[in-house]
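J.: Going down the list, the sequences are from chains A and B. Everything in the first sequence is counted per our numbering, starting at 1 for the first residue and increasing by one. Everything in the second sequence is counted per our numbering, starting at 1 for the first residue and increasing by one.
The hints are simulated quantities; they were obtained by calculation from the structure and are not laboratory data. Treat the numbers as computed from the prediction; the structure is a model and nothing was measured. Just so it is clear, CB atoms sit at the ideal spot from N, CA and C, and this is done for glycine as well. Fair warning: there could be bad hints in the mix.
Computed footprint of chain B on chain A, listed as stretches where at least three residues anywhere in the stretch have a Cβ under 8 Å from a Cβ of chain B [stated by the list, open to error]: (1) 181-190; (2) 206-214; (3) 312-326.
Residues on chain A that point at chain B, a partial pick, calculated with CB under 8 Å [unchecked claim]: (4) Leu118; (5) Trp274; (6) Gly590; (7) Val591; (8) Ala593.
Just some of the chain A residues that point at chain B, by a computed CB distance under 10 Å [said to hold, decoys possible]: (9) Leu148; (10) Asp166; (11) Ile283.
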Amino acid sequence: MPDTGETPAHDSRDARAPREPAGPPSREEAAPSDPGSTARPGRVVAAWPAVPLLAALALWGWAVRHTDVSALDDYGLVSALHPTFWAGLAVLTAGFWFTVRDPRRRAGWPAAYVLGLLVMERATQAVLYPTPLYAWAWKHDAVIDHLLTSGGLQSADRLGDMAVYDQWPGFFAAQAALVRLLGVDNAAMYMAWWPLVSSVLLLLPLLLIYRTFTRDRRLIWTALWLFCVGNWVGQDYFSPQSVAFALHLGVLAVVLRRYGRPGAHGARQRQAVWTVLLSVLVIAIVISHQLTPGMLVVTLLALALTRGHRDWIPLVTTVVIFLAWCLTAALPFLSAAMPDMIRSVGDIGANVETGYGSTPTGTGAVATSWAARLLSGCVLLLALAGVLRARELRRRALPLLLVAAAPLPMFVASSYGSEMIFRVLMFMLPGAAFFAAAALLPAAQLPGARLPGARTPSAAPGEAHPEPAARRRPFSRSRPSLPSPPTLPRLRYAAWLSPLVLLAATLAFVPSYSGKDRVNYFPPGEVALVRQLFDQAPDNSLVVAANRNYPLAYEQYWRVDHYWFLEDTRTHVDDIVRDPAAVLARDMAGVAAPARAYFLLTQGQMANSEMNGQLTAAQLRRVRESVADSPRFERVARNSAGVLYVLNPAS
Amino acid sequence: MTPQDLVIRMLPPFSGWLALAALALPGGSPPRGAAVALFLAVGPGAALVRICGPALRSRRAETPDEPGDAAFERHSDLLEQLVLAVLLSVSAAILVATALIATQALSGDRVLLTLTLLTTLAAFCPSLRALPASGTAPRTAPGAAPPTRKGSTL
Chain A
1 MPDTGETPAH DSRDARAPRE PAGPPSREEA APSDPGSTAR PGRVVAAWPA
51 VPLLAALALW GWAVRHTDVS ALDDYGLVSA LHPTFWAGLA VLTAGFWFTV
101 RDPRRRAGWP AAYVLGLLVM ERATQAVLYP TPLYAWAWKH DAVIDHLLTS
151 GGLQSADRLG DMAVYDQWPG FFAAQAALVR LLGVDNAAMY MAWWPLVSSV
201 LLLLPLLLIY RTFTRDRRLI WTALWLFCVG NWVGQDYFSP QSVAFALHLG
251 VLAVVLRRYG RPGAHGARQR QAVWTVLLSV LVIAIVISHQ LTPGMLVVTL
301 LALALTRGHR DWIPLVTTVV IFLAWCLTAA LPFLSAAMPD MIRSVGDIGA
351 NVETGYGSTP TGTGAVATSW AARLLSGCVL LLALAGVLRA RELRRRALPL
401 LLVAAAPLPM FVASSYGSEM IFRVLMFMLP GAAFFAAAAL LPAAQLPGAR
451 LPGARTPSAA PGEAHPEPAA RRRPFSRSRP SLPSPPTLPR LRYAAWLSPL
501 VLLAATLAFV PSYSGKDRVN YFPPGEVALV RQLFDQAPDN SLVVAANRNY
551 PLAYEQYWRV DHYWFLEDTR THVDDIVRDP AAVLARDMAG VAAPARAYFL
601 LTQGQMANSE MNGQLTAAQL RRVRESVADS PRFERVARNS AGVLYVLNPA
651 S
Chain B
1 MTPQDLVIRM LPPFSGWLAL AALALPGGSP PRGAAVALFL AVGPGAALVR
51 ICGPALRSRR AETPDEPGDA AFERHSDLLE QLVLAVLLSV SAAILVATAL
101 IATQALSGDR VLLTLTLLTT LAAFCPSLRA LPASGTAPRT APGAAPPTRK
151 GSTL
């Protein structure tokens, strides 16, 4: 395990070994004087953190082998998981907590634990489910298929609403190339693993950001852990925002590390080079995703407004690139959407509202929804506590506080399809997790805390280029003191409260993230049924379904049209419920031969309707029975996951 | 140039050509996927970071305002290079693929070939040197003529 130079934890409970030096133990100190006699026991002790880590992964492996996902209930994966999964998560959290606080452990161990956490959090679904989750991920696969089929970008004249993806094509074009390079049929072959890949990608810039503000290993890795468990919003799936968020954090890491010093000889050349590199990242963000550049602009603006110690160049660069894209390639979409966007500015109530079809309904949906709310509330409250308690840390990490607060004004700007509240939460999390971690550490041990009897070192040990504090950080007033470990008092209450909070947050991630898997999982039978539809549908055919929550919903969207009747007006939905076959046949009658009109009802649609406050299962069954009994419809296919009918041409 | 420098310089283009060669393997095979993914994830960015590195590192980055050893900052700099290598590589793949789809010329082979050629070109580019920091620039002796640019009449 590499030694990353982080300051190890100084736990007041380690009174048995209070004479530890402030820095990490050197190899000479760690090694026994007679390697021949005691080297092996030393290595065994050093490798002790591997025991809970491997035990947790073994429990996880056992759990996924003994979990049956064929009949999910309203609690999603939560009730289906084998109990050993929860035991594994508890063991992993406990192992992490005691490892990260032990000054004798190498800094590589917390990294191994966080990677273990990501495997348990983000790879479980990929291992358990035979098909990728999320209708949105399947939609993105369809966009990639469109690019590969058409070979170019197309306008709304040919694609309708789906042309928006051709105006932000970055992610999809890169994935189209990757599909060809890997030699696979489509992105569905690998997109189930995307949450793990994108989450690991986030770790790198996030670790760099946290290392800019503290050397304290506990703070850095506990913040990363909290970020992982607090990031339940589910934007890590196969999507442009998953990559754009990592790039966003990369830009912030560079700005926080490299744009915080006053100019000097050579600074202009160096800044030009950094700006070129930043521009590459920003362009990739801007051409891939609509919202992320907006979040980046407000965050850079907040940083630039603080006492002049942040540079305006990253902000101006981002704004120029963003505007250039919006006024050229993305102009068709923006000019059409601008009236709605302007109307929503300032309408905070509507922007925060979740809207029809997204109201959790049923015990399971409500319970998992509350778990998610409590988890987010807990992280934000912890962050607030951390900000209030750690005065010195708050002053030093002021930019991180701004990073956490900057996305909040976006509530005023737009509803973003009823998702703004979740997106704001996700963009706040990098800063919030840092201060939340500070709340979990005893106040007396936080970096910069002053204690009675603590010495103020005149120079940092081992510092290669000591500089006056005012020059090292323009916003710092004085060099803080590091508390001397031997004088730390015992803090008993925090010893158990903090790990329990961390454990509760870690466990709460599972229902928050996987509690709606009944909606998000489509069994192979459902995929096969929809594929059968598209294999036989002539050009310009129409697919009628309850909602868009089924796999391949947008398959071949450039030649097959869709109508999701639950998205129609409430009065029309009521008409359909009253006389399903007659009203649906009338809606579908406009399709001219040789095109056909299909009616598709699958378990994914039913789960989504039922758990999100649309029609009940009984109402949808009645719709299906009405269509089945009607002579106007002919059954094309049926299996355990759904049914497919076609409207007879005569009707 | 030391052998180690040569390896660092040539590894990214080599991984690109290796990925191109791996396309001869059957579609979906793990070695093909590994070679392609490794190059696309790190290769182009690593080449760019090597070129810009000396200029970028000419001054220390922001560091925690806490006492500590130099190893922490050294490891943070290494982490920064890794972050840049990965994120610049991802960005380069996105930019090249978007440029090709916009010109109706997208194919996997073209994306990989373009990135490999750019990475190879970068391997032959000299590193951007840092300007000397203030106070370390050569000073003119008292009474001596002021320094002039080569070819200048001043």
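J.: For each hint, tell me whether it holds in the structure or not.
T.: Status of the hints after comparison with the structure:
1. 181-190: Satisfied; 5 residues make the cut.
2. 206-214: It holds, with 6 qualifying residues against the three required.
3. 312-326: violated (count 0)
4. Leu118: Violated, about 16 Å.
5. Trp274: This hint holds: Trp274 of chain A lies near chain B, its Cβ roughly 6 Å from the closest one there, short of 8 Å.
6. Gly590: It is violated, given that the least Cβ distance between Gly590 of chain A and chain B is near 34 Å, above 8 Å.
7. Val591: Val591 of chain A check fails; min Cβ-Cβ to chain B is 31 Å, beyond 8 Å.
8. Ala593: Violated, about 33 Å.
9. Leu148: Hint holds; Leu148 of chain A Cβ to chain B Cβ min 8 Å, cut 10 Å.
10. Asp166: Holds, because the Cβ-Cβ distance from Asp166 of chain A to chain B comes to roughly 9 Å (cut-off 10 Å).
11. Ile283: holds (6 Å)
In summary, the structure is inconsistent with hints 3, 4, 6, 7 and 8 from the numbered list given earlier, while agreeing with the others.
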